[in-house]
Amino acid sequence: MSVPALEARGLVRRFGALIATDDVSFAVQSGARQALIGPNGAGKTTLINLLTGVLKPTAGQVLLQGRDVTHVASSARVRMGLSRTFQINQLFPDLTPAESPALAISERDGSGADFWRVAGGRSEIIAEIESLLTRFGLEADMDQPTRKLSYGKQRLLEIALALATRPRVLLLDEPAAGVPEEERQDILAALAALPSDVAILLIEHDMDLVFNFAERISVLVAGRLMAEGAPDEIAADERVRAVYLGEDAHG
Amino acid sequence: MSAPAATATMGRVAAHLHRRARWRWPEIAFWLAVLAVIFALPSRAAIINEALIAGLFALSLDLILGLTGIVSLGHAAFLGLGAYAAAVLASQGFADPLLGLAFGAGIAALVGLVTAPLLLRGGDLTRLMVTLGVSLMLGELANRNGWLTGGADGLNFSIGPVLGLFPIGFTGQRNAALYSFVVLFILFAIARRLAHSPFGLALTAIRENRLRAGALGVGASRRIVAIYTTAAAYAGAAGALLAETTQIVSLDLFDFHRSADVMLMLIIGGAGYLYGGIIGAAAFIVLRDVISAATPEYWEFWIGLALVILVLAGRDRIAAAPRRLITLVAPRVTRGGVA
Numbered sequence: 003m004s005v006p007a008l009e010a011r012g013l014v015r016r017f018g019a020l021i022a023t024d025d026v027s028f029a030v031q032s033g034a035r036q037a038l039i040g041p042n043g044a045g046k047t048t049l050i051n052l053l054t055g056v057l058k059p060t061a062g063q064v065l066l067q068g069r070d071v072t073h074v075a076s077s078a079r080v081r082m083g084l085s086r087t088f089q090i091n092q093l094f095p096d097l098t099p100a101e102s103p104a105l106a107i108s109e110r111d112g113s114g115a116d117f118w119r120v121a122g123g124r125s126e127i128i129a130e131i132e133s134l135l136t137r138f139g140l141e142a143d144m145d146q147p148t149r150k151l152s153y154g155k156q157r158l159l160e161i162a163l164a165l166a167t168r169p170r171v172l173l174l175d176e177p178a179a180g181v182p183e184e185e186r187q188d189i190l191a192a193l194a195a196l197p198s199d200v201a202i203l204l205i206e207h208d209m210d211l212v213f214n215f216a217e218r219i220s221v222l223v224a225g226r227l228m229a230e231g232a233p234d235e236i237a238a239d240e241r242v243r244a245v246y247l248g249e250d251a252h253g
Numbered sequence: 009m010s011a012p013a014a015t016a017t018m019g020r021v022a023a024h025l026h027r028r029a030r031w032r033w034p035e036i037a038f039w040l041a042v043l044a045v046i047f048a049l050p051s052r053a054a055i056i057n058e059a060l061i062a063g064l065f066a067l068s069l070d071l072i073l074g075l076t077g078i079v080s081l082g083h084a085a086f087l088g089l090g091a092y093a094a095a096v097l098a099s100q101g102f103a104d105p106l107l108g109l110a111f112g113a114g115i116a117a118l119v120g121l122v123t124a125p126l127l128l129r130g131g132d133l134t135r136l137m138v139t140l141g142v143s144l145m146l147g148e149l150a151n152r153n154g155w156l157t158g159g160a161d162g163l164n165f166s167i168g169p170v171l172g173l174f175p176i177g178f179t180g181q182r183n184a185a186l187y188s189f190v191v192l193f194i195l196f197a198i199a200r201r202l203a204h205s206p207f208g209l210a211l212t213a214i215r216e217n218r219l220r221a222g223a224l225g226v227g228a229s230r231r232i233v234a235i236y237t238t239a240a241a242y243a244g245a246a247g248a249l250l251a252e253t254t255q256i257v258s259l260d261l262f263d264f265h266r267s268a269d270v271m272l273m274l275i276i277g278g279a280g281y282l283y284g285g286i287i288g289a290a291a292f293i294v295l296r297d298v299i300s301a302a303t304p305e306y307w308e309f310w311i312g313l314a315l316v317i318l319v320l321a322g323r324d325r326i327a328a329a330p331r332r333l334i335t336l337v338a339p340r341v342t343r344g345g346v347a
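Those protein sequence lines, which keep their order, are chains A and B. Residues in the first sequence are numbered from 3 upward in steps of one, following the numbering used here. Residues in the second sequence are numbered from 9 upward in steps of one, following the numbering used here.
If you're looking for bench data, these hints aren't it; they were derived computationally from the structure. Virtual Cβ for every residue (Gly too), placed ideally from N, Cα, C. Among the hints, erroneous ones may be present.
With a Cα cut of at most 25 Å, we get these calculated SDA-like pairs of lysine to any residue [unchecked claim]:
#1 A:LYS150 with A:GLN92
#2 A:LYS150 with B:GLY19
#3 A:LYS58 with B:LEU128
#4 A:LYS150 with B:ALA23
#5 A:LYS150 with A:GLU185
Not everything, but these chain B residues come out facing chain A in the computed CB check (under 7 Å) [stated by the list, open to error]:
#6 VAL21
#7 GLY130
#8 GLY131
#9 LEU149
#10 PHE165
#11 SER166
#12 SER205
#13 GLN255
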């Protein structure tokens, strides 16, 4: 098997006496469509923060394309190809949907410290912004401050920004959370259209979305990885049904 | 999407990204008006000079506070450093003003670079205290090292003419104001350029959402150190100008009230769009001049009252007024084609 795009080896994170992440090992292969599910408080967000470098693990390693990045700062991991979206929108309220990706693209291509040329002034950056905006249906709102966008559009911008970093691995933290029904289809379409060579780990509560999207599902319960497998295996797993699907199947 | 439509969208994206970087005529009118004031009021050259230098000092604070969202209550540290650096250099016989200006800015930048890492941890309160502490320390160092700084007596010195041609100081107060004007304008133009660059965009992103900025690959620490160093250089330049055009420096340059005043000026004028510091400084100094002529004892009362009203009743509205004016009169490159 080739080197996984993202791998966790024996990750442990303690907060005082609480073990939020308990010896978690798993891998996301290149181009994978994988989901991470688990009941509230299972430690999904902590795990994401460990993978992206927002938190430092108490023990264990994180590998990106086979390289140990456990001690690499989160912004440097982004430049190495690991990007994420947030469960609660983390956007720039006064920047526009055209300006925000200009930032990500500049940081990616190494011109982020350029203090002389106009941001996003080069034609290749403009072309890339244009294609991102078109792909996510944001071109009509490109010159509005982000805070004026509808919630659904803001969720789309969340994903567009993460893609502007040109990730090899993309962590999607509940991309459809709170999106009203009429805008939900736009999110689903955007997820379906994500580049196939980008490995995706979807963290989601919405079981319809998970079982439609993922080819492989990992189940996290109380900080531990309880089960991992294809969607039908997970759906058939008695333990998973007991702790998770049974109580939340209609949620 | 068809090719012409894509090109049209690209044109809109390009126009949108460039919209703030272009100079607009209200801005040009602003600078011409400042220049006109210098020539129209030769008898007021000293106070105009003071306002220009205060404007540069407030612009410097705007780079960290308005642009990046980093608070400081000790910005006078760099004003004092720049002033003393230029004064010491001149008193050692190197009386060229531009040399002193570069030296003052350079020393301040160096200390800014060294102290910037102190601002990377903790929140706003930590930063307020750290910056205040650094300015207190530097003020005390200047006090204790009288052999270099003149201590509590300050330092008198003479300064050569700018470019060897234009005497500044008491015999050439209009020259002094013009000198300050040119320096302010050049540094403003650089700051303006910087604000619209990828670097400036990253600073805005750090101010608006540091978590997401990091998640898009922005190394916030390096950017903050870079802008803090730049701002320190700007404040140092303001200090050097102040020293050179008054030909005296004293310990009060490091005083807390200097740091507080410059924040007042910036808040009065509105932070974050670079003109606010200059407008606020002019308003502050004119207000102080007018009110202290009427009631010498109580001018701070009125400044205080103005500030409270400004902050409570509509700082945003008042601060945004010049910007709104600009968007009103500027050609609309925005939603024209779509809606």
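Hint check:
With a C-alpha separation of about 14 Å, the suggested pair LYS150 (chain A) and GLN92 (chain A) falls inside the 25 Å cut-off, and the hint holds. Under the criterion of a C-alpha separation no larger than 25 Å, the hint pairing LYS150 (chain A) with GLY19 (chain B) is consistent with the structure, at around 23 Å. Restraint check: the Cα-Cα separation between LYS58 (chain A) and LEU128 (chain B) comes to about 18 Å, which is no more than 25 Å; the hinted pair holds. With a CA separation close to 20 Å, the supplied pair LYS150 (chain A) and ALA23 (chain B) stays within the 25 Å bound.
For the given pair, LYS150 (chain A) sits about 16 Å from GLU185 (chain A) by alpha-carbon distance, which is consistent with the 25 Å threshold. Of the supplied interface hints, the one on VAL21 (chain B) holds, with its beta-carbon coming within about 5 Å of a beta-carbon of chain A, less than 7 Å. Interface restraint check: GLY130 (chain B) against chain A, minimum CB-CB distance 17 Å, threshold 7 Å, status violated. Checking GLY131 (chain B) against chain A by beta carbon gives a least distance of about 17 Å; that is not within 7 Å, so the hint is violated.
A hinted interface residue such as LEU149 (chain B) counts as satisfied when its beta carbon comes closer than 7 Å to some beta carbon of chain A; here the least separation is about 31 Å, so the hint is violated. For PHE165 (chain B), the interface hint is violated, the least distance from its beta-carbon to any beta-carbon of chain A being 34 Å, above 7 Å. For SER166 (chain B), the interface hint is violated, since its Cβ never comes within 7 Å of a Cβ in chain A; the closest pair sits about 36 Å apart. The beta carbon of SER205 (chain B) is positioned within 7 Å of a beta carbon in chain A (closest approach about 5 Å), and the interface hint is therefore held.
The beta carbon of GLN255 (chain B) is not positioned within 7 Å of any beta carbon in chain A (closest approach about 34 Å), and the interface hint is therefore violated.
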